[in-house]
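Chains as they are written, first to last, in the numbering used here: chain A, 3 to 270; chain B, 3 to 397.
Keep in mind the hints are simulated off the structure, nothing from the lab.
Fair warning: there could be bad hints in the mix.
Claimed, not checked - Simulated coverage check for chain B against chain A, where a stretch passes if three residues somewhere in it have a Cβ under 8 Å from a Cβ of chain A:
# : region
1 : 21-33
2 : 277-287
3 : 332-338
To be verified - With beta-carbon atoms standing in for the labels, derived distance ranges:
#  : chain 1 : residue 1 : chain 2 : residue 2 : range
4  : B       : R251      : A       : A30       : 18 to 26 Å
5  : A       : E106      : B       : A236      : 55 to 63 Å
6  : B       : A91       : A       : D110      : 52 to 60 Å
7  : B       : T383      : A       : R228      : 47 to 55 Å
8  : A       : A115      : B       : A105      : 25 to 33 Å
9  : B       : L134      : A       : Q98       : 52 to 60 Å
10 : B       : V331      : A       : A115      : 25 to 33 Å
11 : A       : L239      : B       : L373      : 29 to 37 Å
12 : B       : R109      : A       : S139      : 29 to 37 Å
13 : B       : Q261      : A       : G242      : 27 to 35 Å
Ideal Cβ positions, reconstructed from N, Cα and C, are used throughout, including at glycine.
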Amino acid sequence: MATILSLVFALVIQGTPRTIAIDERLAADAGLRVGDRVVVAAEPGAPGDTVTIGAIVARRADPSEIARGEYRVRLHLDHLQRLLGYGDRVDRFAVQTRGREAAERAIDDINDAAFGFRAHRSRDVAVETSQTFRVVSRFHRAIGVITIVASAIFLLCILVLKVDERRRDVAALRLLGISRRTVHGAVVLEAAFIALVGSVVGTGIGALASAAVNGYYQAHYRTPLRFSIVTPDIVVLAAGLSIVLGVVAGSVAALRLVRARPLALLGR
Amino acid sequence: MRFHLAVASLVRHRTRTVLAVLGVAVAAAMLLDMVMLSSGMRESFGTLLESRGFSIRLAPRGTLPFDTEATIAGASAIVDTLSRHPDIATVSPVLGATVHVVAGAPRTTAFAIGVNAEVQGDYEVERGEDALAGDAFVANDEFFRVTGARIGDTITLATGYSPQLRSFGGQRRMVLAGEARFIYLSRGQSAVAIRLATLQAMGGPERSDRASLFMVAVRESAVADSVQRWIEQAVPRVDAISTREALARVDERLAYFRQMALILGGVSLIVGFLLVTTLVTVSVNQRIGEIAVQRAIGVSRSHVVQQILVESLVISLVGAGLGLGLGLVTARWLNGILAAFPGLPRAIDFFLFQPRAAWTALGMLIVSGILAGVYPSWRATSLPIAHTLREEAVA
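Generate coordinates for the entire structure from the input sequences, incorporating the hints supplied.
This is how it looks when you write it as structure tokens:
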């Protein structure tokens with residue numbers, strides 16, 4: 003209903019106008035402040051009501067609003083009904099209950115007694131209206147899978163190269179009589195350490211990138227919504243994955259080295 | 003010779019070559035997908051908007067077509083005004099509404115558009131006949147599926163449902179004349195098309211002589227932008243939106259995907275570059291003695307450089323070849339995920355394959371492959387020959 007409301011601005015200083023609240027985006031774009039008077043009308047060019055801006059409302063962190071450039075205006079219910087010629091009608095009622103069980107009972111009672119409308123749980127409505135974000139979330143997960151595969155291959159390749167660089171050291175250790183097991187353990191430990199340090203640095207870079215993403219998109223869409231969140235679960239997954247991959251890659255590469263003859267490793 | 007030496011070097015270390023090629027392949031796949039994503043949606047949407055020759059759309063002021071339930075009053079006067087412009091070839095007024103099947107088929111709800119079938123640009127009839135008569139309508143496959151109706155059936159459609167009174171504003175017994183493909187509607191959306199005058203009449207006084215949208219086709223010789231400016235002056239109650247503007251607004255709304263494509267594409271390219279650089283650098287370091295010997299027996303610097311560049315190019319090209327194929331598969335998968343966006347027209351693709359996208363990705367990978375060989379080449383050619391040979395002999 004509110005979406006068909008358009009604003010026409012004009013200076014009218016007559017009578018005692020009613021108040022409205024506008025969102026901060028509209029206030030910023032139109033240069034409006036609390037106390038300014040504007041004319042609101044249901045259609046462009048139609049005669050409207052002169053109102054006073056009584057409040058400027060911060061936008062909610064609502065994902066469903068980020069891609070929409072529209073402004074939000076809040077009027078008193080009876081005012082909007084009269085302005086739109088809507089009669090004594092509303093689009094919906096929001097009902098607060100005392101706990102989950104009370105909500106279930108209220109829904110059943112309302113649906114048994116109601117004539118012409120239905121009661122829904124807020125949770126069900128949210129699920130129904132969040133389809134867009136579930137799609138985006140699935141897309142992000144898919145991109146995440148591809149990124150993990152790419153990172154895993156990159157990590158394996160780098161660690162294989164890193165271990166391969168130690169051919170001469172390994173040969174020298176073996177010629178000095180150090181056991182295969184000790185050499186293997188040392189190489190794996192080194193690979194795990196590199197993976198661990200890489201994970202710590204990567205977590206820092208990820209946190210910085212996340213802050214940059216939030217800063218940019220919050221300014222771009224003018225919303226307090228957080229677009230990127232680095233949670234402990236994500237850090238554990240990323241660090242765990244890189245350490246496991248590092249150990250596996252290091253172990254495979256080290257096995258190849260310790261099984262070879264020391265002189266062969268020296269190219270003889 | 004150079005090629006054989008480069009390939010021999012890669013074959014000598016199979017494991018790491020295979021890993022590097024796989025890494026480049028995944029990076030190339032991601033790069034291709036992101037190039038497709040960055041332009042696909044725009045191209046796909048532009049093609050969709052222009053598919054029926056309507057290059058300007060008129061919506062209620064401050065809204066996009068069918069973005070709200072707002073309608074435009076005085077539809078016939080607007081059509082008359084627009085039709086007088088010599089550069090305007092066709093004007094198609096469209097009214098949107100929700101209709102309910104109340105008799106003749108299982109009860110269901112569908113999105114209805116009221117159009118004049120002779121000039122409409124919203125659907126293409128696939129079976130049966132168009133809705134030329136006042137009591138005829140066409141429907142899409144989803145409507146046929148949900149209702150189980152057949153062409154020729156008589157069905158009662160109603161609009162203006164009042165939940166308080168549980169009654170309808172207007173009802174009509176109508177004949178299902180044909181099946182149509184609705185160009186701008188999403189998958190799974192049940193839809194019908196009715197004569198504009200019929201739908202207006204069913205909506206009662208609230209819908210009388212109103213339209214939700216006007217689609218305007220200009221003559222081939224005309225400039226759409228000048229016609230658009232004229233419309234905005236002649237009919238100040240509406241927003242005239244050209245295809246170019248519509249694409250700009252879609253760009254604005256989907257900036258997130260474009261920027262994500264740019265970032266991920268850039269990261270993929272950098273990862274591929276680093277991988278090839280690292281591999282070739284390590285390879286050069288291990289062959290430092292061999293390269294010094296080549297230089298000592300008279301092999302030129304350019305020969306050594308070419309050999310190393312060929313090595314990095316081979317990895318990049320083989321990886322890119324695999325990656326482009328992999329990219330098409332993953333693009334299809336990702337497109338399938340995004341196709342579930344509510345309200346997305348069936349004809350829209352986020353990942354639209356265009357040969358230009360593949361060439362762009364391949365070009366970037368080749369440039370990246372050449373650049374990846376620059377540092378190891380410089381290192382190889384700047385070796386002090388005598389010192390390196392002595393070091394190698396001692397080692």
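Beta-carbon spacing of L134(B) to Q98(A) - inside the hinted bounds 52 to 60 Å or not: Since the Cβ atoms of L134(B) and Q98(A) sit about 54 Å apart, the hinted range of 52 to 60 Å holds.
A30(A) and R251(B) - C-beta distance against the hinted 18 to 26 Å: Because 20 Å falls inside the window, the suggested range holds.
Range hint compliance [Cβ, R109(B) to S139(A), 29 to 37 Å]: holds, 34 Å
Whether the CB-CB distance between L239(A) and L373(B) falls inside 29 to 37 Å: The hint (29 to 37 Å, Cβ to Cβ) holds, given that L239(A) and L373(B) are roughly 33 Å apart.
Range hint 25 to 33 Å (beta carbons of V331(B) and A115(A)) holds or violated: violated, 55 Å
Range hint compliance [Cβ, A115(A) to A105(B), 25 to 33 Å]: holds, 29 Å
Three-residue Cβ test at 8 Å for the coverage of the region 332-338 of chain B by chain A: holds (count 3)
Outcome of range test on Cβ distance (E106(A), A236(B); 55 to 63 Å): holds, 57 Å
Annotated coverage of the region 277-287 of chain B by chain A, confirmed only when three residues or more have a Cβ within 8 Å: holds (count 5)
Assertion that chain A covers the region 21-33 of chain B - criterion: three or more residues, beta-carbon distance below 8 Å: holds (count 8)
Hint check for G242(A) and Q261(B) - Cβ pair distance inside 27 to 35 Å: With Cβ atoms ~29 Å apart, the hint holds.
A91(B) versus D110(A) beta-carbon gap, inside 52 to 60 Å or not: Once the Cβ atoms are compared, 59 Å apart, the range 52 to 60 Å for D110(A) and A91(B) holds.
Consistency with the previously given hints fails for number 10 only.
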